[in-house]
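All chains should be built: construct the whole structure from the sequences, respecting the hints.
Residue numbers (this note's numbering), protein chains in the order written: chain A, 1 to 215; chain B, 1 to 328.
Since the hints were made in silico from the structure, they are not lab data.
Think of the CB as a built atom: it goes at the ideal place given N, C-alpha and C, for glycine as much as any other residue.
Mixed in with the good hints, there may be bad ones.
Below, a list of computed lysine-lysine pairs in the BS3-like style, where the Cα atoms sit at most 25 Å apart [claimed, not checked]:
{"no.": "1", "chain 1": "A", "residue 1": "Lys-209", "chain 2": "A", "residue 2": "Lys-14"}
{"no.": "2", "chain 1": "B", "residue 1": "Lys-68", "chain 2": "A", "residue 2": "Lys-209"}
{"no.": "3", "chain 1": "A", "residue 1": "Lys-14", "chain 2": "A", "residue 2": "Lys-208"}
{"no.": "4", "chain 1": "B", "residue 1": "Lys-68", "chain 2": "A", "residue 2": "Lys-208"}
{"no.": "5", "chain 1": "A", "residue 1": "Lys-206", "chain 2": "A", "residue 2": "Lys-14"}
{"no.": "6", "chain 1": "B", "residue 1": "Lys-17", "chain 2": "A", "residue 2": "Lys-206"}
{"no.": "7", "chain 1": "B", "residue 1": "Lys-65", "chain 2": "A", "residue 2": "Lys-206"}
Beta-carbon label-pair distances, calculated as ranges [to be verified]:
{"no.": "8", "chain 1": "A", "residue 1": "Ala-26", "chain 2": "B", "residue 2": "Pro-300", "range": "22 to 30 Å"}
{"no.": "9", "chain 1": "B", "residue 1": "Leu-189", "chain 2": "A", "residue 2": "Asn-198", "range": "48 to 56 Å"}
{"no.": "10", "chain 1": "B", "residue 1": "Tyr-311", "chain 2": "A", "residue 2": "Leu-196", "range": "46 to 54 Å"}
{"no.": "11", "chain 1": "B", "residue 1": "Lys-68", "chain 2": "A", "residue 2": "Pro-184", "range": "26 to 34 Å"}
{"no.": "12", "chain 1": "A", "residue 1": "Leu-196", "chain 2": "B", "residue 2": "Ala-151", "range": "56 to 64 Å"}
{"no.": "13", "chain 1": "A", "residue 1": "Leu-108", "chain 2": "B", "residue 2": "Leu-137", "range": "44 to 52 Å"}
{"no.": "14", "chain 1": "A", "residue 1": "Val-85", "chain 2": "B", "residue 2": "Gly-282", "range": "36 to 44 Å"}
{"no.": "15", "chain 1": "B", "residue 1": "Pro-300", "chain 2": "A", "residue 2": "Ala-202", "range": "26 to 34 Å"}
{"no.": "16", "chain 1": "A", "residue 1": "Ser-210", "chain 2": "B", "residue 2": "Val-71", "range": "24 to 32 Å"}
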Amino acid sequence: MNKNKASLGYDFIKGFIQENPTFSLAVGMCPTLAVTTSLVNGFWMGVAVIFVLTFSNVFVSLLRKVIPDEIRIPVFIILIATPVVIVELVMKAYMPAMYNILGIFVPLIVVNCIIFHRAEAFAYRNPVLNSAMDALGSGMAFTLNLMLIGGIREFLGTGQIAFGSAVFPKVPLFEPAAVMLTPPGGFITLGALMALLNIAVARASKRKKSESQVG
Amino acid sequence: MEDRLLVTPAPHMKSTKTVQGLMLDVVIALLPAAIAGTILFGFRSLLVILASVASAVASEAIYQKAVKRPVSINDFSAVITGLLLALTLPPDVPVWIPVIGSAFAIVIAKQVFGGLGYNFVNPALAARAFLIAAWPLHMTRDWLNPMTYEALSSATPLVGFNATGQAGLTLTQMLLGQRPGSIGETCILALLLGGLYLIVRDVIDYRIPLGYLGTLALGTWIFGKPGALFQGGALSGVFLGGAFIGAFFMATDYVTSPVTQRGRLYMGIGAGLITLVIRLWGGYPEGVTYAILFMNLVTPLIDNYVIPRYYGSGHDAKARKAAGGETR
Chain A
1 MNKNKASLGY DFIKGFIQEN PTFSLAVGMC PTLAVTTSLV NGFWMGVAVI FVLTFSNVFV
61 SLLRKVIPDE IRIPVFIILI ATPVVIVELV MKAYMPAMYN ILGIFVPLIV VNCIIFHRAE
121 AFAYRNPVLN SAMDALGSGM AFTLNLMLIG GIREFLGTGQ IAFGSAVFPK VPLFEPAAVM
181 LTPPGGFITL GALMALLNIA VARASKRKKS ESQVG
Chain B
1 MEDRLLVTPA PHMKSTKTVQ GLMLDVVIAL LPAAIAGTIL FGFRSLLVIL ASVASAVASE
61 AIYQKAVKRP VSINDFSAVI TGLLLALTLP PDVPVWIPVI GSAFAIVIAK QVFGGLGYNF
121 VNPALAARAF LIAAWPLHMT RDWLNPMTYE ALSSATPLVG FNATGQAGLT LTQMLLGQRP
181 GSIGETCILA LLLGGLYLIV RDVIDYRIPL GYLGTLALGT WIFGKPGALF QGGALSGVFL
241 GGAFIGAFFM ATDYVTSPVT QRGRLYMGIG AGLITLVIRL WGGYPEGVTY AILFMNLVTP
301 LIDNYVIPRY YGSGHDAKAR KAAGGETR
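Okay, here's the thing in structure tokens:
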């Protein structure tokens, strides 16, 4: 029981650093680069992915004993497409403005690598609860990543960060760099953040090593 | 005894050229253009140049210290990057533009890829492209009139030339650089002086500027006048805009240009063609930056396909084939 609980916690937490979808696995790059022109866009894209990922992971895990190995990919696609259609219709109905901004990238969640990767690598061979935790962890890490990239790009590209009606005030004497809202800005931000996370992980593992050597 | 036997792999011919010496030659060759720019556009342009160079050297030192690599600011390559970037900027840009631009050139375009010798595009041009995309208004409007140092209210001569085929300047004005433009691009005589110095000192290969400017002149002569063929101003096409500084100082960067002589000629011709296409039919008034950046990217391809014949090979096989003998 205790062991199971610990592994549930690990399944949730591992999505943030060791198996961070964006910065360590580099999956789901299309929405990461395309919709992160602002913090809010990143947030809603992330929420959509959390929903789809949890739904598909839970059902893949539930059905993992009855899905024939040979046709598992088509079955995964059906299991993923269902929540994607739900997200798409709900977004269209209740937040048409955001749906227009995210555009093609909402239906494209069907072929999002994060969701496929978690289904194939985790949910297909793990119990339901673990798969749900795994989906929540990966999805929330993905959302955080998109918000981070979107926030940096929005701030550097427009000089402010808007979240709903609250607007982070403009900084005086700062001229926004339009390039940050274009694809090159997305690549530069992504690359810089990836490098920083790698440095942090390398430093941490080095410290752990030297500590274990001392101890 | 064993110490006196020195075993080294080939090649055994040694040159007295050093990275530092070559780079210093390029700095010397750029000085006339920098001085001309300062005279033409005033104290402000000197400020831009100094800020750019200082930022480039400081960025290199800080980055190399941060990642614990040997600090290589003594090889002058950062000075050249800063100087080159400044010379391609409009004279009236705010001083933070060259500072950010040089930092981008050194850190993002050069050091992240491994430093000198590993950058896949010319750092100064990459930074210029970044600045155009980031602050387009500053990069396309902050021109000054030469000698009067007043802000320019009309379009630059190149814009008019692209549209009408008329430069509106005399040959002397173009040679002396008495036209609005980037700090170091206008004074053709100063650039020619520096370029010839580099060719004479065997620092750069004449084939790249020859191919570049030749193609651009020929193309401008053929297509430069709207509605008519073979009536364009070939000289104006080469003297206006940044083609001269690009051909002599940017496209000839060792790291990002082909290693073979024929390949270098192809690179020059390619850059000339792209510049021409962007100027006459593209959305930007000037295409030198993108033309050279594009040819930088194509350089590995050129090096892959343009392979010189080994000395002594080839003829023999051909002769035997002609005689109907075995062609092995």
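Checked hints:
Of the supplied pair hints, the one linking Lys-209 (chain A) and Lys-14 (chain A) holds, its CA atoms being roughly 20 Å apart against a limit of 25 Å. For the proposed pair Lys-68 (chain B) and Lys-209 (chain A), the alpha carbon gap of about 20 Å is at most 25 Å, so the pair holds. Taking the CA atoms of Lys-14 (chain A) and Lys-208 (chain A), the gap is near 18 Å; set against the 25 Å cutoff, the hint holds. Between the alpha carbons of Lys-68 (chain B) and Lys-208 (chain A) the distance comes to roughly 21 Å, so the proposed pair stays at or under 25 Å and holds.
With a CA separation close to 19 Å, the supplied pair Lys-206 (chain A) and Lys-14 (chain A) stays within the 25 Å bound. This hinted pair does not check out: Lys-17 (chain B) and Lys-206 (chain A) have alpha carbons roughly 42 Å apart, beyond 25 Å. Proposed proximity of Lys-65 (chain B) and Lys-206 (chain A) is supported: the alpha carbons are some 20 Å apart, at most 25 Å. Checked against the hint of 22 to 30 Å, the pair Ala-26 (chain A) and Pro-300 (chain B) passes, with Cβ atoms roughly 24 Å apart.
Checked against the hint of 48 to 56 Å, the pair Leu-189 (chain B) and Asn-198 (chain A) passes, with Cβ atoms roughly 50 Å apart. Here the CB-CB span from Tyr-311 (chain B) to Leu-196 (chain A) is close to 51 Å, well matched to the stated 46 to 54 Å. At about 29 Å, the beta-carbon gap between Lys-68 (chain B) and Pro-184 (chain A) stays in the expected band of 26 to 34 Å. Between Leu-196 (chain A) and Ala-151 (chain B) the Cβ separation comes to about 41 Å, which falls outside the hinted range of 56 to 64 Å.
A beta carbon spacing of about 35 Å between Leu-108 (chain A) and Leu-137 (chain B) contradicts the range 44 to 52 Å that was offered as a hint. Remark: the range hint 36 to 44 Å for Val-85 (chain A) to Gly-282 (chain B) is upheld by a beta-carbon distance near 43 Å. Between Pro-300 (chain B) and Ala-202 (chain A), the C-beta spacing of about 30 Å keeps the proposed range 26 to 34 Å intact. Remark: the range hint 24 to 32 Å for Ser-210 (chain A) to Val-71 (chain B) is upheld by a beta-carbon distance near 27 Å.
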